[in-house]
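*Asks:* Below are the chains, spelled out letter by letter.
2 protein chains.
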Amino acid sequence: MERKRIAIIGVGLIGGSLAIQLHEKKISSRLIGVDATKEHEAKALELELVDEILPLDEAIAQSDVVILAFPVDLMVGLLPSILDKVDQQIVVDLGSTKSQLTEAVANHPKRGRYVATHPMWGTEYSGPAAAVRGAYENKAVIICNEGDSDLDALEWTKYMYKKIGMHLLSMEAKAHDLHAAYVSHISHITSFALANTVLEKEKEDNAIFEMASAGFESTVRLAKSNPAMWVPIFLQNKVNVLDVLNEHIQQLTKFRDSIRDDKGTDLQNLIEHANKIRRIIK
Amino acid sequence: MERKRIAIIGVGLIGGSLAIQLHEKKISSRLIGVDATKEHEAKALELELVDEILPLDEAIAQSDVVILAFPVDLMVGLLPSILDKVDQQIVVDLGSTKSQLTEAVANHPKRGRYVATHPMWGTEYSGPAAAVRGAYENKAVIICNEGDSDLDALEWTKYMYKKIGMHLLSMEAKAHDLHAAYVSHISHITSFALANTVLEKEKEDNAIFEMASAGFESTVRLAKSNPAMWVPIFLQNKVNVLDVLNEHIQQLTKFRDSIRDDKGTDLQNLIEHANKIRRIIK
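Protein chains in written order, with the UniProt record's numbering: chain A, 1 to 282; chain B, 1 to 282.
Isolated chain A (complex conformation):
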C-alpha cells in the first residue's frame, strides 16, 4: 500500500504511540501533528513523534488520512466540523466510546469517509512523553458500524491496524459500548475508588509505601489515569457504566455481609465463583 500523509490530532499517549508505529512500519510518508496545547506540540516535535506541527485546518488540507486521538467529549463536538472540511481524506477516531460519536455524524454527507475504531490499548500515563514504541502490538482493535464507511476508507484502516500488529474485531457501536463498560471502564472506576479508599483510610503514607505489594500496585495503578480522558468516557457511556457499577456495588456488598456475619461458606462460594475468571484470563 502506498505511504500516506497522516495528520494526528492529539499527540498524547494514544496518538503519539500510534505515530511511532506509523513511522516504523512505513505506513506514513509524512506525519503532521496537531494538539490543543503548545507544550504537547513542542514535546511531540522534540521527541520526533511527528515531522511537523500545523493548525488543524491546514493539517486536514495537507493530509490523506486524519487520525483523531483526543478525549471523547471533544470528539463529539469536533468530528462533524472535521468531516465538513474533508474531501477524499480518510478520518479515523481512536476513542473509547462509540455510540454518541457515530450518532453525531450518522447523517453527515461525508459519513463514508469516517471509520469508527477503538484500539484496546493504553496505559495509566498521558501526554506525548508517555508515548511508547511497540504499543498496540498483539492487541485487539474494534471497528464499529463498518457498513457506514466507504470501502476504501475501511480497507485502508484495516490495513493500518494489521500492519501495526493488531487483530481486528467488528461490532456495532452499541455492542462495543456495552462490552467496553465491562472489560475496561469498570476496571478504571474500581481502581480510582480503591485509591480514594486507601488515601482516605490509611493516614500513614509510609506504611503503604513500605508494605504495598505487587497485588496492591496492580489493582490501583489505573488510578493514575488522566481525568480529561476518563470523565467524558464515563458520562458518554453512562447507561452501561451505571449498570455494571451498580452490579459491582452489589457484589462488594455480598462480600461485606458474608464477612460481617462470619459466613465462611458463603465467602468460599463467592471466591470460588470469582476464580472462574481463570477461563477468561490466563
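Source of the hints: derived by calculation from the structure; they are not laboratory data.
Fair warning: there could be bad hints in the mix.
Since the list gives no way to pick out one identical chain from another, each pair is judged satisfied if it fits inside one copy or across any two copies.
Pairs of lysine to any residue, SDA-like flavour, derived with a Cα cap of 25 angstroms [stated by the list, open to error]:
| # | residue 1 | residue 2 |
| --- | --- | --- |
| 1 | LYS276 | GLU202 |
| 2 | LYS238 | LEU78 |
| 3 | LYS263 | ASN246 |
| 4 | LYS254 | SER218 |
Since the structure of chain A is already known, use the hints to place chain B on it.
*Replies:* Quick look at chain B alone, frame taken from chain A:
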C-alpha cells in the same frame, strides 16, 4: 551463620518459594517438607523443593527451625500444639494476619521460640507447582511483637529474611493487621468482586476474552487467588476489613452518583484525588 535443618509446614506457593531461596542462599543444611495433602507432598519432592517428607511430629523433632506456611485459620489451631512439641527449635510463621495468632500463644511457655512474620509477597496461584525462584527479593517483611520472641530466634529470623533479599519492618500485630487490610486484603476483595461482576453481567465470554486489555487483567488477576488462603484472612481481620470495605463501597457510590447525575466536575475531582496515589506508587 551455621546452616540449619529447616522444616517447612505447608509446601505450597509461599512455603515452596521460600524453600527454593533457603536452599539457594545456603541457609538450610536440610529441608523437610510437611503438607496436608499427599499430592502436594509428592509434587514438592518431585520439584525438589524439599529433601524429604516427614510426618509433622518427626519433622519438628528433626529440625532446628520450623516454618509455618499454611492458611491462617489452621495456624491459630496448630501453633500452640507445635510450640508444645518444641525444645530449642525456632518457629516462624508466614501468615497474612497477625493479631489472632499472636494472641493465641501470648501466654504459651514456649512463646519466646516463636517469631511472628509476614513477608509481603505472593501471587494469585497456589500449590507447590506455583513456587517461584527469586520470590521475596526486594520485598518487605513485617516482624510483629519482636519483644515477645527470644533474642536468638529473632536474630536468626532476621538473618534469614535479609539473606533472601527482604527489607525488615517492625510492627505490633494490631498495627500490622490494620495496614494489611488497606494495602493487601481490600485489593483482593475488589478483584474478586470485579470478577463476579463481569461474570454476572458479561454473558459473552468471547467478547471479554477478545477485548480484555492489560488494564482489565491487572485489576482482575487477583481474583484467581485461592479461597482456602483468603477466607480465613478476611474473617480473622474482620474489623479492619469491614472498615475499609465500607469506605470502598462509599467511594464507589460517589462515582455512581456523579455519573448518574451527570456531575462532570465532581467526577473530575474524584479522579484527581485518586491520582494522588502517584505519590505512593510509582
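*Asks:* Hint by hint, note whether the structure agrees.
*Replies:* Cross-check of the supplied hints:
1. LYS276 - GLU202: between (31 angstroms within a copy, 13 angstroms between copies)
2. LYS238 - LEU78: Only inside one copy: LYS238 and LEU78 sit 21 angstroms apart there, 51 angstroms across copies, limit 25 angstroms.
3. LYS263 - ASN246: both (23 angstroms within a copy, 17 angstroms between copies)
4. LYS254 - SER218: both (23 angstroms within a copy, 22 angstroms between copies)
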